[in-house]
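Engineer: As a plain string of letters, each chain reads:
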Amino acid sequence: MANKNTEAFKQPLWINNPVLVQILGICSALAVTAQLKPAIVMGLSVTIIVAMSNVIISLLRNTIPNRIRIIIQLVVVAALVTVVSEILKAFAYDVSVQLSVYIGLIITNCILMGRLEAFAMQNGPWASFLDGIGNGLGYAAILVVVAFVRELFGSGTLFGFQVIPQACYEAGYLNNGLMIMPPMALILAGCIIWYHRAKNKDLQEN
Amino acid sequence: MEHFFSLFVRSIFVDNMIFAFFLGMCSFLAVSKNVKTSLGLGVAVIFVELITLPVNYLLQTKVLEPMGLEFLSFILFIAVIAGIVQLVEMVVEKFSPSLYNSLGIFLPLIAVNCAIMGASLFMQQRIGMDPDNTQAITSFGDSIAYALGSGIGWALAIVCLAAIREKMEYCDVPKPLKGVGITFITVGLMAMAFMCFSGLAI
Numbered sequence: 001m002a003n004k005n006t007e008a009f010k011q012p013l014w015i016n017n018p019v020l021v022q023i024l025g026i027c028s029a030l031a032v033t034a035q036l037k038p039a040i041v042m043g044l045s046v047t048i049i050v051a052m053s054n055v056i057i058s059l060l061r062n063t064i065p066n067r068i069r070i071i072i073q074l075v076v077v078a079a080l081v082t083v084v085s086e087i088l089k090a091f092a093y094d095v096s097v098q099l100s101v102y103i104g105l106i107i108t109n110c111i112l113m114g115r116l117e118a119f120a121m122q123n124g125p126w127a128s129f130l131d132g133i134g135n136g137l138g139y140a141a142i143l144v145v146v147a148f149v150r151e152l153f154g155s156g157t158l159f160g161f162q163v164i165p166q167a168c169y170e171a172g173y174l175n176n177g178l179m180i181m182p183p184m185a186l187i188l189a190g191c192i193i194w195y196h197r198a199k200n201k202d203l204q205e206n
Numbered sequence: 207m208e209h210f211f212s213l214f215v216r217s218i219f220v221d222n223m224i225f226a227f228f229l230g231m232c233s234f235l236a237v238s239k240n241v242k243t244s245l246g247l248g249v250a251v252i253f254v255e256l257i258t259l260p261v262n263y264l265l266q267t268k269v270l271e272p273m274g275l276e277f278l279s280f281i282l283f284i285a286v287i288a289g290i291v292q293l294v295e296m297v298v299e300k301f302s303p304s305l306y307n308s309l310g311i312f313l314p315l316i317a318v319n320c321a322i323m324g325a326s327l328f329m330q331q332r333i334g335m336d337p338d339n340t341q342a343i344t345s346f347g348d349s350i351a352y353a354l355g356s357g358i359g360w361a362l363a364i365v366c367l368a369a370i371r372e373k374m375e376y377c378d379v380p381k382p383l384k385g386v387g388i389t390f391i392t393v394g395l396m397a398m399a400f401m402c403f404s405g406l407a408i
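Sequences listed follow chains P and X, in order. Note that the first sequence covers residues 1 to 206 in this note's numbering. Note that the second sequence covers residues 207 to 408 in this note's numbering.
Hint data in this document are derived by calculation from the structure and do not stem from the laboratory. Don't take every hint at face value.
To be clear about the criterion: a stretch of chain P counts as covered by chain X if any three or more of its residues have a C-beta under 8 Å from a C-beta of chain X, and this derived list gives those stretches [unchecked claim]: (1) 145 to 158; (2) 179 to 186.
Short derived list, chain P residues pointing at chain X, Cβ under 7 Å [to be verified]: (3) Ile23; (4) Ile26; (5) Ala31; (6) Leu74; (7) Val76; (8) Ala78; (9) Val101; (10) Gly172; (11) Gly190; (12) Ile193; (13) Trp194; (14) Gln204.
A virtual CB, placed ideally from N, CA and C, is assigned to each residue, including glycine.
Produce the entire structure from the sequences given, and follow the hints as far as they go.
Structural biologist: Structural data, given as structure tokens:
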């Protein structure tokens with residue numbers, strides 16, 4: 001049993017990553033990655049919400065009528081997202097302004113619904129909690145990688161601090177403006193998927 | 207009236223749900239394998255947006271704002287969307303079984319489509335904007351224009367991608383890139399093309 005729990009936690013981190021393999025939660029993964037700070041906040045918020053909603057649904061799983069389960073799941077998730085959004089507004093206002101509607105959109109993030117349907121409805125609370133944390137962190141990892149590349153090459157900064165020295169700019173180096181535009185996020189994600197599938201050959205499609 | 211049209215055109219091309227905000231990406235990538243089904247999903251999205259957005263607009267301006275309950279908007283909006291999707295599904299099933307068979311499987315999916323929820327949340331942000339701004343949604347009519355525009359923009363994007371993917375079947379794509387990888391890069395290039403519209407104004 002312990003083995004199964006660690007698997008539930010470890011699988012989604014790389015082998016069965018929710019973003020790269022299951023192609024879930026792409027919307028917010030790409031939209032908030034122009035800078036590192038909002039990407040990390042977003043990743044952590046999603047991790048907390050997935051873990052908590054997994055636990056709640058897993059506790060309720062035997063009492064939820066099958067026909068209306070989607071609405072119940074949505075309400076549980078929406079309540080948690082509201083709490084997180086109010087906390088962010090209170091303690092990290094500038095980040096919550098940057099994330100704008102994407103915090104609210106965690107509700108419709110497919111990772112949540114996917115994990116609730118596929119895992120929490122069949123498994124106990126502790127396993128569901130680990131599965132939620134694993135999936136959340138797997139999601140956050142992709143966000144951080146994409147945001148790192150985009151912020152470094154797009155604005156020459158990391159966490160808002162200047163990383164590329166002024167001397168480079170004087171020598172004619174320019175920030176790549178395309179990096180902070182939406183299309184580049186898609187292309188970077190495509191490249192990460194390319195690398196991931198080159199390493200894991202059994203995932204390749206014919 | 208002029209504002210109505212500029213908001214409509216702007217939400218199709220400039221503020222395109224897929225290319226500018228990445229909303230509704232999950233079903234966008236999963237269902238865009240052939241043109242016919244993606245057209246079906248596109249029509250379903252337009253339909254659901256047209257109903258939910260005006261309803262949420264009225265809820266936001268007539269119920270939540272006067273009572274100071276804006277923090278409840280997430281729960282209320284998603285409940286409205288899920289409820290209306292269920293209702294639409296039942297009505298379509300009763301009155302037009304042929305349409306139900308072609309849309310059937312997509313309708314429940316739409317409840318968790320970020321494009322629908324996203325449109326409602328953007329609408330919430332834009333209510334307070336300056337009326338001269340082409341993005342502002344200041345009346346019930348504007349909310350209909352926005353619903354129609356963003357829905358059509360989403361449908362346009364998914365049909366275009368499906369058409370490209372149908373052609374791509376015959377291309378020699380590197381093996382690890384096949385499937386999702388090349389689709390991402392294609393969408394990225396399409397988004398770049400759509401950026402040309404960014405100066406568009408009526």
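Engineer: Confirm or reject each hint.
Structural biologist: Status of each hint after checking the structure:
A count of 0 residues in the stretch 145 to 158 of chain P with a Cβ less than 8 Å from any Cβ of chain X is obtained; the coverage claim is therefore unmet, three being the minimum. With 6 residues having a beta carbon nearer than 8 Å to a beta carbon of chain X, the stretch 179 to 186 of chain P meets the requirement of three or more and the stated coverage holds. For Ile23(P), the suggested interface contact is upheld, since its CB lies about 6 Å from the closest CB of chain X, less than 7 Å. Given hint, Ile26(P) at the interface with chain X, holds; its Cβ is 4 Å from that chain's nearest Cβ, closer than 7 Å.
Given hint, Ala31(P) at the interface with chain X, holds; its Cβ is 5 Å from that chain's nearest Cβ, closer than 7 Å. The criterion of a C-beta within 7 Å of any C-beta in chain X is met by Leu74(P), whose closest approach is roughly 5 Å, and the hint holds. Restraint check, Val76(P) versus chain X: the minimum CB separation of about 10 Å is more than 7 Å; hint violated. Nearest Cβ of chain X to the Cβ of Ala78(P): about 4 Å, under the 7 Å cut. The hint holds.
The beta carbon of Val101(P) is positioned within 7 Å of a beta carbon in chain X (closest approach about 4 Å), and the interface hint is therefore held. At a threshold of 7 Å, the smallest CB-CB gap from Gly172(P) to chain X is about 25 Å, leaving the interface hint violated. Annotation: Gly190(P) was flagged as interfacial toward chain X, and the flag holds, the nearest CB pair being 3 Å apart, inside 7 Å. Taking 7 Å as the C-beta contact cut-off toward chain X, the hint placing Ile193(P) at the interface holds, the least distance being around 4 Å.
With a cut of 7 Å, the hint placing Trp194(P) at the interface with chain X holds, because the nearest CB-to-CB distance is about 5 Å. This hint holds: Gln204(P) has a C-beta 5 Å from the nearest C-beta of chain X, less than the 7 Å allowed.
Violated hints, listed in ascending order, are 1, 7 and 10; each of the other numbered hints is respected by the structure.
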